[in-house]
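Colleague: Keeping their order, the protein sequence lines are chains P and S.
The numbering used here applies: residue 159 is where the first sequence begins, and numbers increase by one.
The numbering used here applies: residue 56 is where the second sequence begins, and numbers increase by one.
For the record, the hints were derived by calculation from the structure and aren't laboratory data.
We treat Cβ as the ideally placed atom computed from N, Cα and C, and that holds for glycine.
Be a bit skeptical, because a hint or two may be false.
As the list claims (entries may be wrong) - Ranges between beta-carbon positions, derived for each pair:
| # | chain 1 | residue 1 | chain 2 | residue 2 | range |
| --- | --- | --- | --- | --- | --- |
| 1 | S | G294 | P | S393 | 49 to 59 Å |
| 2 | P | A202 | S | W108 | 50 to 60 Å |
| 3 | S | I74 | P | L292 | 48 to 58 Å |
| 4 | P | H345 | S | L236 | 32 to 42 Å |
| 5 | S | I330 | P | N225 | 23 to 33 Å |
| 6 | P | Q338 | S | I74 | 41 to 51 Å |
| 7 | S | L199 | P | D211 | 43 to 53 Å |
| 8 | S | P293 | P | T378 | 25 to 35 Å |
| 9 | P | S393 | S | G198 | 27 to 37 Å |
| 10 | P | Q221 | S | L199 | 38 to 48 Å |
| 11 | S | V193 | P | T378 | 34 to 44 Å |
| 12 | P | L227 | S | I330 | 36 to 46 Å |
| 13 | P | I207 | S | L236 | 39 to 49 Å |
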Amino acid sequence: MARAVSTRRTIVLTIAGWTVGLLIFFPVFWTVLTSFKTEGEAVAIPPSILFFDWTFENYAEVQERSNYLRHFFNSVVISVGSTLLGLLVAVPAAWAMAFSPTKNTKNVLMWMLSTKMLPAVGVLMPIYLIFRDLGILDSLLGLTVVIMLINLPIIVWMLYTYFREIPGDILEAARMDGAQLWQEIVHVLTPMAIPGIASTFLLNVILAWNEAFWTLNLTTTNAAPLTAFIASYSSPEGLFWAKLSAASTMAIAPILILGWFSQRQLVRGLTFGAVK
Amino acid sequence: MATLHTRSTARAMVAPSVILLLVWMIVPLAMTLYFSFQRYRLLDGGELRFTGWRNYERFVTNPTFDPAVINTLLLVGGVLVISVVGGLLIALLLDQQFKGRTIVRLMVIAPFFVMPTVTALVWKNMLMNPVFGLFSYVSRLFGLEPVDWLNDLPLLSVTLMVSWQWLPFAALILLTALQSLDSEQIEAAEMDGASAFSRFIYITLPHLSRALTVVILIETIFLLSVFAEIFVTTGGGPGTQSTTLTYMVFKEALFAFDVGRASAGGIIAVILANIVAIFLIRLIGKNLDR
């Protein structure tokens, strides 16, 4: 009896779960599917599902028409570059705050967090003007720096929450043996910190990849990463859904896969350690 | 234990981050504040002249301002309701055992990783297009008149797109919180004859309260600056129907090139965001003391 109930329960839950999952995932699935259609089939009514002439032409054409790979390359440079730069600055900071906290550490952390809450429009105009005067509007360097700065608080925080979990006893032992701070870092703790740094790296590449306020406002053509490039498909002239889908699929696929691998870290990073 | 030497080393290690963020925050913000009291139009010679509160007055009395504030509240409120309620239901569902749960979870979180411009264009074209879009196809299947989403219901359209992106965030965080719930407590209540509903109200919901607060506050921070979704779909229109505060400032800045007024708007946006931020920072700060 109990078993019958629980089997029925499992069936109901399975159906409900998959229905919800498929519904939410549908726009992504549909985009990927449309990318393999011809432009004619992409707007066909009723829509063609699975039984159409699969084609890879859109992918080739997106590249040919607008040098897609260049924008892809820009996205890679900006997201990986800004994350690496951020880590370079943040690792020592998070390290020091986790292992040699002073009475100010908490305030510093809180203040860093508060910079993240500054709405971008509040500083849009000055940044735009500074960039214009420095001649770094529409440059990879400028965007990399801006994106590094907007994500720096998250990087410091995430690293800090990871570093804090490394047992302090090990540090004490190393200090007793007369190790200098840098020796502790290189030989004792770095191996334990690598997973946290890797997770932080992943989450921040994802955030930087998808950032769309500064990329849209500070680039035109040269440095435009995929977020800005895709926006150029919003022009009303003609419907290029298949090509839009191909460009979109390539833009979201790498980050979707990274995201799926780092879902746990995502919770932690985005809640600043408040939920994990 | 920490010697003077290590303490100064530690300070030197923290300094670069602090200095960078300080410069990043203080310099532009000070400039915005300064510009907000100046008459400064790029298309008009670009000379600066002190005008007192004039930019604020003109920003606030602009006919777009009232709708922009209302739209911002509706957008943030709408997305919060949809994503938090929906996210809670999804989290409760995903907390149960069923076949393929791992795969369903991957599907559910996918929208969060889709870049805003892709979300906006896919929804605008392939789903919401009144002639060729899937929504119109489905409504015709049921014999209903297709809706011209972006023209007739622009703000709702943007709300739906943004909700789709944030639903996974709420679901994932609430699920994580649910999984830390002590199952013995639930079982004990069950044995005492508590119904599923009262178990949810008296045990699960209180347990989730902090995660819920965090979700609401963090989403609010991000939702106050929704930009790309409006930029590539409605452009704030038709009229001002989907113009938010963020979008209004953007228009003053990079369409009208009125630096002074855009800056006044920016400062207003900063003040609004700070009201939310104070709550969030307190909450997270408490967590640090544990």
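Colleague: Does each hint fit the structure? Answer for all of them.
Modeller: To see whether the hints hold, each was checked on the structure:
1. S/G294 / P/S393: 49 to 59 Å: Distance hint for S/G294, P/S393 is violated at roughly 21 Å.
2. P/A202 / S/W108: 50 to 60 Å: Hint holds: Cβ distance 58 Å, inside 50 to 60 Å.
3. S/I74 / P/L292: 48 to 58 Å: violated, 19 Å
4. P/H345 / S/L236: 32 to 42 Å: Since the Cβ atoms of P/H345 and S/L236 sit about 40 Å apart, the hinted range of 32 to 42 Å holds.
5. S/I330 / P/N225: 23 to 33 Å: violated, 45 Å
6. P/Q338 / S/I74: 41 to 51 Å: With a Cβ separation near 24 Å, P/Q338 and S/I74 fall outside 41 to 51 Å, so the hint is violated.
7. S/L199 / P/D211: 43 to 53 Å: Roughly 31 Å apart at Cβ, these two residues miss the hinted range, so it is violated.
8. S/P293 / P/T378: 25 to 35 Å: holds, 27 Å
9. P/S393 / S/G198: 27 to 37 Å: Given range 27 to 37 Å: holds, Cβ gap about 34 Å.
10. P/Q221 / S/L199: 38 to 48 Å: holds, 40 Å
11. S/V193 / P/T378: 34 to 44 Å: Since the Cβ atoms of S/V193 and P/T378 sit about 38 Å apart, the hinted range of 34 to 44 Å holds.
12. P/L227 / S/I330: 36 to 46 Å: holds, 44 Å
13. P/I207 / S/L236: 39 to 49 Å: Because 40 Å falls inside the window, the suggested range holds.
Checked against the numbered hints above, the structure breaks hints 1, 3, 5, 6 and 7 and satisfies the rest.
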